[in-house]
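K.L.:
For reference, the chains in residue letters:
Number of protein chains: 2
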Amino acid sequence: MKLSALIGERFKEWPSEAQLASHGLLIRGGYMRQVAGGIYTLLPPAKRVAAKIENIIRQEMDRIDGQEILMPVVLPRELWDESGRYESVGRELLRFRDRTGHDMLLAMTHEEAAVHLARTEAKSYLKYPFMIYQIQTKYRDEARSRGGLIRVREFTMKDAYSFHTSWEDLEKYYYRCHEAYERIYKRAGLGHVVSVKSDSGMMGGAIAHEFMFLCDDGEDTIAICPACGYRANMEVATGILDLVGDMGPEGLDVEEVATPGCKEIDSLCKFIGIPEKMLMKAVVFTKETTGTPVIVFVRGDLEVNEAKVRRLIGSDVSARVDEDGSDGICYGYIGPVGLDMDKFEVYFDESLRGMYNVVCGANKVDTHYKNVDLRQLPAEKFADVSKVTEQMVCPQCGKAHITLKNGIEVGNIFQLGDKYSKTMGMTYADKDGSLKTPIMGCYGIGVGRLLASVIEDSHDDYGPIWPISIAPWQVHINAIKRADDQVRQLADGLYEQLSDKGFEVLYDDRDLSAGVQFADADLLGTPIKVIVSPRNLKDGVVEIKTRDKSIAEKVPVENAASRVAEIAAALQKRIDDTL
Amino acid sequence: MKLSALIGERFKEWPSEAQLASHGLLIRGGYMRQVAGGIYTLLPPAKRVAAKIENIIRQEMDRIDGQEILMPVVLPRELWDESGRYESVGRELLRFRDRTGHDMLLAMTHEEAAVHLARTEAKSYLKYPFMIYQIQTKYRDEARSRGGLIRVREFTMKDAYSFHTSWEDLEKYYYRCHEAYERIYKRAGLGHVVSVKSDSGMMGGAIAHEFMFLCDDGEDTIAICPACGYRANMEVATGILDLVGDMGPEGLDVEEVATPGCKEIDSLCKFIGIPEKMLMKAVVFTKETTGTPVIVFVRGDLEVNEAKVRRLIGSDVSARVDEDGSDGICYGYIGPVGLDMDKFEVYFDESLRGMYNVVCGANKVDTHYKNVDLRQLPAEKFADVSKVTEQMVCPQCGKAHITLKNGIEVGNIFQLGDKYSKTMGMTYADKDGSLKTPIMGCYGIGVGRLLASVIEDSHDDYGPIWPISIAPWQVHINAIKRADDQVRQLADGLYEQLSDKGFEVLYDDRDLSAGVQFADADLLGTPIKVIVSPRNLKDGVVEIKTRDKSIAEKVPVENAASRVAEIAAALQKRIDDTL
Numbered sequence: 001m002k003l004s005a006l007i008g009e010r011f012k013e014w015p016s017e018a019q020l021a022s023h024g025l026l027i028r029g030g031y032m033r034q035v036a037g038g039i040y041t042l043l044p045p046a047k048r049v050a051a052k053i054e055n056i057i058r059q060e061m062d063r064i065d066g067q068e069i070l071m072p073v074v075l076p077r078e079l080w081d082e083s084g085r086y087e088s089v090g091r092e093l094l095r096f097r098d099r100t101g102h103d104m105l106l107a108m109t110h111e112e113a114a115v116h117l118a119r120t121e122a123k124s125y126l127k128y129p130f131m132i133y134q135i136q137t138k139y140r141d142e143a144r145s146r147g148g149l150i151r152v153r154e155f156t157m158k159d160a161y162s163f164h165t166s167w168e169d170l171e172k173y174y175y176r177c178h179e180a181y182e183r184i185y186k187r188a189g190l191g192h193v194v195s196v197k198s199d200s201g202m203m204g205g206a207i208a209h210e211f212m213f214l215c216d217d218g219e220d221t222i223a224i225c226p227a228c229g230y231r232a233n234m235e236v237a238t239g240i241l242d243l244v245g246d247m248g249p250e251g252l253d254v255e256e257v258a259t260p261g262c263k264e265i266d267s268l269c270k271f272i273g274i275p276e277k278m279l280m281k282a283v284v285f286t287k288e289t290t291g292t293p294v295i296v297f298v299r300g301d302l303e304v305n306e307a308k309v310r311r312l313i314g315s316d317v318s319a320r321v322d323e324d325g326s327d328g329i330c331y332g333y334i335g336p337v338g339l340d341m342d343k344f345e346v347y348f349d350e351s352l353r354g355m356y357n358v359v360c361g362a363n364k365v366d367t368h369y370k371n372v373d374l375r376q377l378p379a380e381k382f383a384d385v386s387k388v389t390e391q392m393v394c395p396q397c398g399k400a401h402i403t404l405k406n407g408i409e410v411g412n413i414f415q416l417g418d419k420y421s422k423t424m425g426m427t428y429a430d431k432d433g434s435l436k437t438p439i440m441g442c443y444g445i446g447v448g449r450l451l452a453s454v455i456e457d458s459h460d461d462y463g464p465i466w467p468i469s470i471a472p473w474q475v476h477i478n479a480i481k482r483a484d485d486q487v488r489q490l491a492d493g494l495y496e497q498l499s500d501k502g503f504e505v506l507y508d509d510r511d512l513s514a515g516v517q518f519a520d521a522d523l524l525g526t527p528i529k530v531i532v533s534p535r536n537l538k539d540g541v542v543e544i545k546t547r548d549k550s551i552a553e554k555v556p557v558e559n560a561a562s563r564v565a566e567i568a569a570a571l572q573k574r575i576d577d578t579l
Numbered sequence: 001m002k003l004s005a006l007i008g009e010r011f012k013e014w015p016s017e018a019q020l021a022s023h024g025l026l027i028r029g030g031y032m033r034q035v036a037g038g039i040y041t042l043l044p045p046a047k048r049v050a051a052k053i054e055n056i057i058r059q060e061m062d063r064i065d066g067q068e069i070l071m072p073v074v075l076p077r078e079l080w081d082e083s084g085r086y087e088s089v090g091r092e093l094l095r096f097r098d099r100t101g102h103d104m105l106l107a108m109t110h111e112e113a114a115v116h117l118a119r120t121e122a123k124s125y126l127k128y129p130f131m132i133y134q135i136q137t138k139y140r141d142e143a144r145s146r147g148g149l150i151r152v153r154e155f156t157m158k159d160a161y162s163f164h165t166s167w168e169d170l171e172k173y174y175y176r177c178h179e180a181y182e183r184i185y186k187r188a189g190l191g192h193v194v195s196v197k198s199d200s201g202m203m204g205g206a207i208a209h210e211f212m213f214l215c216d217d218g219e220d221t222i223a224i225c226p227a228c229g230y231r232a233n234m235e236v237a238t239g240i241l242d243l244v245g246d247m248g249p250e251g252l253d254v255e256e257v258a259t260p261g262c263k264e265i266d267s268l269c270k271f272i273g274i275p276e277k278m279l280m281k282a283v284v285f286t287k288e289t290t291g292t293p294v295i296v297f298v299r300g301d302l303e304v305n306e307a308k309v310r311r312l313i314g315s316d317v318s319a320r321v322d323e324d325g326s327d328g329i330c331y332g333y334i335g336p337v338g339l340d341m342d343k344f345e346v347y348f349d350e351s352l353r354g355m356y357n358v359v360c361g362a363n364k365v366d367t368h369y370k371n372v373d374l375r376q377l378p379a380e381k382f383a384d385v386s387k388v389t390e391q392m393v394c395p396q397c398g399k400a401h402i403t404l405k406n407g408i409e410v411g412n413i414f415q416l417g418d419k420y421s422k423t424m425g426m427t428y429a430d431k432d433g434s435l436k437t438p439i440m441g442c443y444g445i446g447v448g449r450l451l452a453s454v455i456e457d458s459h460d461d462y463g464p465i466w467p468i469s470i471a472p473w474q475v476h477i478n479a480i481k482r483a484d485d486q487v488r489q490l491a492d493g494l495y496e497q498l499s500d501k502g503f504e505v506l507y508d509d510r511d512l513s514a515g516v517q518f519a520d521a522d523l524l525g526t527p528i529k530v531i532v533s534p535r536n537l538k539d540g541v542v543e544i545k546t547r548d549k550s551i552a553e554k555v556p557v558e559n560a561a562s563r564v565a566e567i568a569a570a571l572q573k574r575i576d577d578t579l
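Top line first, the protein sequences correspond to chains A and B. Mapping of the first sequence onto the UniProt record's numbering: position 301 corresponds to residue 301, and the numbering continues sequentially without gaps. Mapping of the second sequence onto the UniProt record's numbering: position 103 corresponds to residue 103, and the numbering continues sequentially without gaps.
Any given hint could turn out to be false.
When chains are identical, the list treats them as one kind, so a pair holds in a single copy or across two.
Pairs of lysine to aspartate or glutamate residues, derived as DMTMM-like cross-links and limited to a Cα-Cα distance of at most 25 angstroms, are as follows [said to hold, decoys possible]: (1) LYS2 x GLU179; (2) LYS2 x ASP169; (3) LYS123 x ASP509; (4) LYS2 x GLU60.
Source of the hints: derived by calculation from the structure; they are not laboratory data.
Produce the entire structure from the sequences given, and follow the hints as far as they go.
P.N.:
Laid out in structure tokens, this is it:
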């Protein structure tokens with residue numbers, strides 16, 4: 001392809017809306033344009049990368065016996081009523097009516113559609129196990145799309161669904177798929193990916209893993225043990241907390257203290273003269289299923305983990321908003337003494353177990369209690385609802401403190417069990433003729449997010465550094481002063497020669513300065529660059545450089561094409577060697 | 001792939017809902033399943049065919065310098081407000097609100113999105129001409145989806161948009177694209193495709209063509225001249241009508257006739273004793289833009305063409321429903337005498353020009369006029385609004401009668417002009433620096449409909465006969481009595497050998513009778529079949545047959561693989577030779 005014809009302007013200015021390197025470079029390099037919040041058009045360079053990523057995914061799915069299908073984007077409500085998710089999933093599920101008044105939705109995931117298909121096609125145990133997958137457009141009505149292709153509303157996703165006759169078989173397949181995912185990231189040239197245990201969330205099911213690309217700008221946080229390799233995302237991570245040491249003398253009476261203006265924790269600690277960890281604070285949620293408040297107490301130096309609360313009470317939760325006290329809660333001064341625990345759903349974090357002489361709210365404005373003894377609370381009121389911090393010790397080996405890292409989720413896999421097959425009445429006839437419910441797994445990976453993550457992983461200030469396996473083009477030819485007959489002839493010849501050899505070549509045929517040409521080449525990030533210029537031609541050479549700067553050499557004109565082929569093979573080998 | 005693992009049940013029963021061969025065979029063969037009205041899941045065999053069709057389309061689009069991009073399915077209302085189509089397009093455009101209350105839509109075509117992209121990326125004449133295309137999911141809220149994959153709500157479509165600096169340049173490119181389309185159909189093995197002039201409809205613009213696959217079960221009709229090759233779809237086809245011969249004596253007075261019970265044309269003709277063509281009938285439409293009635297008169301033996309009326313009055317129309325006469329129209333007895341032509345929009349078909357002694361309604365129940373002279377009407381009231389019939393003569397050569405054929409539209413191309421670029425304010429700087437509006441073309445082709453059309457074109461009672469270029473698999477191996485060691489070893493070996501040679505092989509490894517295996521093979525329609533059976537092995541041969549029955553031979557075991565390769569090459573050559 002000739003660069004003069006390529007659609008997609010490139011420019012120097014950093015787009016003001018872009019926080020992430022990938023977001024900014026994708027816009028600057030003419031890879032994508034926003035059409036609406038979180039909705040983008042991909043231009044030719046990005047479409048080419050996406051197609052290559054899709055091919056890698058397809059090959060790896062086929063390798064683990066996946067069968068490609070195509071399910072619809074628009075689904076009828078009835079399917080999601082069967083699973084119960086039409087009601088239970090929030091507003092990120094886009095619902096609408098078609099012209100005949102039927103309730104429809106834009107699918108953001110396809111468990112229901114997969115079961116709808118499989119239940120008529122796999123009625124005998126002989127068909128099992130099997131996996132079906134698709135690479136397809138999804139829509140998720142995000143309230144706050146952000147980060148360019150990292151969190152969008154419309155996206156291309158590979159989603160796969162496997163069906164099994166036993167949990168053991170699911171587990172075996174689940175780890176085959178885990179390995180396929182690792183191969184996908186490696187083949188796409190994405191390093192720094194780790195799998196972590198995760199919450200199955202709206203998917204339901206038991207074991208789930210997220211594949212996290214570790215990067216400072218990632219919006220997810222994961223807990224890692226540097227000693228034993230324990231890894232979990234924040235939603236499920238646990239840690240062993242150092243106990244509060246000296247809590248003072250036993251047997252002190254509860255004492256009411258006037259604390260005017262001490263609604264914040266640090267002002268309260270200063271006022272009373274205690275460390276944060278001797279304080280107990282409350283967070284109030286609204287339980288989505290009932291609308292009622294849930295009060296969660298946690299040690300003053302820790303934070304409440306919403307996902308853990310969600311799992312604990314079996315319902316989605318949201319921050320309580322009507323803090324006018326009409327629900328009988330004295331916001332800002334909540335404490336367990338005198339709180340009606342039959343009226344409210346109340347939990348205490350494990351960090352509070354065994355504590356006494358604690359300071360907490362007195363359910364009265366500007367008032368706290370001192371010396372509260374939590375050892376009197378019933379044991380079943382305690383649960384792990386706090387966020388892991390780096391002061392905690394690994395729950396697996398107990399040998400080192402947890403390290404928190406940021407990351408971007410680039411894939412997830414779930415052991416769903418029978419959640420969907422059971423509610424949707426899917427059965428198969430077993431060997432003995434009895435009807436059984438299949439066990440399912442599901443496996444997702446977003447194409448656009450993976451593309452953006454590769455840029456996060458591999459770029460400099462001037463543009464992406466594409467791994468050769470997914471680069472939009474493998475070779476970039478710069479013809480400097482193409483008006484020069486010799487330059488034009490050689491560059492045109494190389495373009496033809498390399499294209500004939502099967503390389504994807506982007507040929508900068510424009511009558512522009514070397515500076516402008518090179519800036520564009522950097523933004524397009526092609527792995528191998530061939531520079532044809534009058535100065536080099538005088539010496540009978542061309543310059544060959546790699547975008548990653550590992551190679552920069554002058555090569556005799558007649559060897560140029562074969563040297564490019566060598567370098568391309570070496571770059572690909574570097575990727576293959578990681579497998 | 002082993003057939004025992006393939007997802008998608010096949011069965012004998014014809015599905016009751018299927019009228020078309022393609023619809024029935026796609027269901028019987030395990031190619032697709034309906035999820036909602038006009039919304040299907042494609043199973044592996046159909047997904048494989050679709051992918052091959054997409055690849056052919058992609059190659060042909062790249063061959064005419066197309067650049068592949070990916071635009072969103074979900075678009076914001078604002079874009080369609082700019083073009084005016086948010087208001088003007090009917091309910092087939094699915095509109096909805098996102099969670100933030102923004103008006104959005106599910107795109108059924110992408111002129112607006114293409115201009116939105118191009119207007120920031122092609123600001124200089126140097127970029128022109130260019131063409132961008134995508135292969136992507138579309139949604140069209142059809143009131144009555146039908147015919148399996150022929151008329152669906154959700155579908156995969158290749159849509160392309162070209163941009164030019166002059167009409168001449170557009171026209172040149174338009175015919176390049178026309179040729180690319182012809183190559184696509186040929187490469188997909190679809191015969192009997194002709195291009196016909198068509199109405200540009202909701203697209204706007206001037207010249208447009210539809211590619212029609214001629215087939216008896218097609219729901220579209222096209223007019224063809226067997227003498228000169230004139231072709232047009234019914235919406236734009238014209239014809240030269242034989243004039244009514246003897247209309248009787250001149251100068252007769254208009255005469256009122258009581259015609260009780262003669263609301264239908266044939267009863268009226270019998271009652272008065274005239275042929276249909278001496279009668280004039282009226283059809284009343286509602287003009288969508290204003291809600292007012294439009295009265296169209298046509299000769300009694302002809303029908304009104306709604307598309308022609310639409311173009312004539314510049315608005316969508318629908319059949320008038322409130323026939324209670326409250327609008328001042330005497331339905332069933334409408335005639336021009338005494339009709340207030342200032343109050344109503346009234347047109348007369350060209351077939352009526354020059355007629356006299358005509359019978360028509362008297363705008364009074366059970367009453368008609370005789371001897372009405374239409375020569376008194378102003379010339380501008382006449383227009384071509386009738387449907388072409390086989391009694392008409394070709395308007396191009398005048399040498400033969402029109403033939404009407406049924407067909408399925410498998411593609412369309414439009415010379416849009418500046419309809420979208422102008423309303424959406426797209427400009428480029430010309431050589432002299434002045435701002436100009438680009439001229440556009442657009443080019444669509446539906447993947448699923450093409451797939452179904454190939455089946456319509458190429459099937460027998462037992463299943464599709466896939467052209468080798470798009471067949472889900474090229475080779476089908478039947479192992480008959482695979483329990484036999486020799487059979488198994490040879491079949492397994494051939495499966496491996498042919499797969500290694502790069503063939504896509506479907507291997508029927510099931511312990512089922514030859515009859516069941518062969519029925520499945522027919523439904524899957526693989527071009528080349530290799531049958532390994534104990535009986536054949538005794539003679540040291542396998543049977544090789546083509547699905548199209550052109551070849552059926554016994555081949556020595558050791559030559560089987562090379563013979564398959566030969567046949568595959570010959571089948572492909574047969575397709576290539578049509579190019």
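K.L.:
All the hints need checking, so say for each whether the structure fits it.
P.N.:
Evaluated hints:
{"no.": "1", "hint": "LYS2 x GLU179", "result": "between (39 angstroms within a copy, 23 angstroms between copies)"}
{"no.": "2", "hint": "LYS2 x ASP169", "result": "between (51 angstroms within a copy, 20 angstroms between copies)"}
{"no.": "3", "hint": "LYS123 x ASP509", "result": "between (60 angstroms within a copy, 19 angstroms between copies)"}
{"no.": "4", "hint": "LYS2 x GLU60", "result": "between (32 angstroms within a copy, 18 angstroms between copies)"}
Checked against the numbered hints above, the structure violates none of them.
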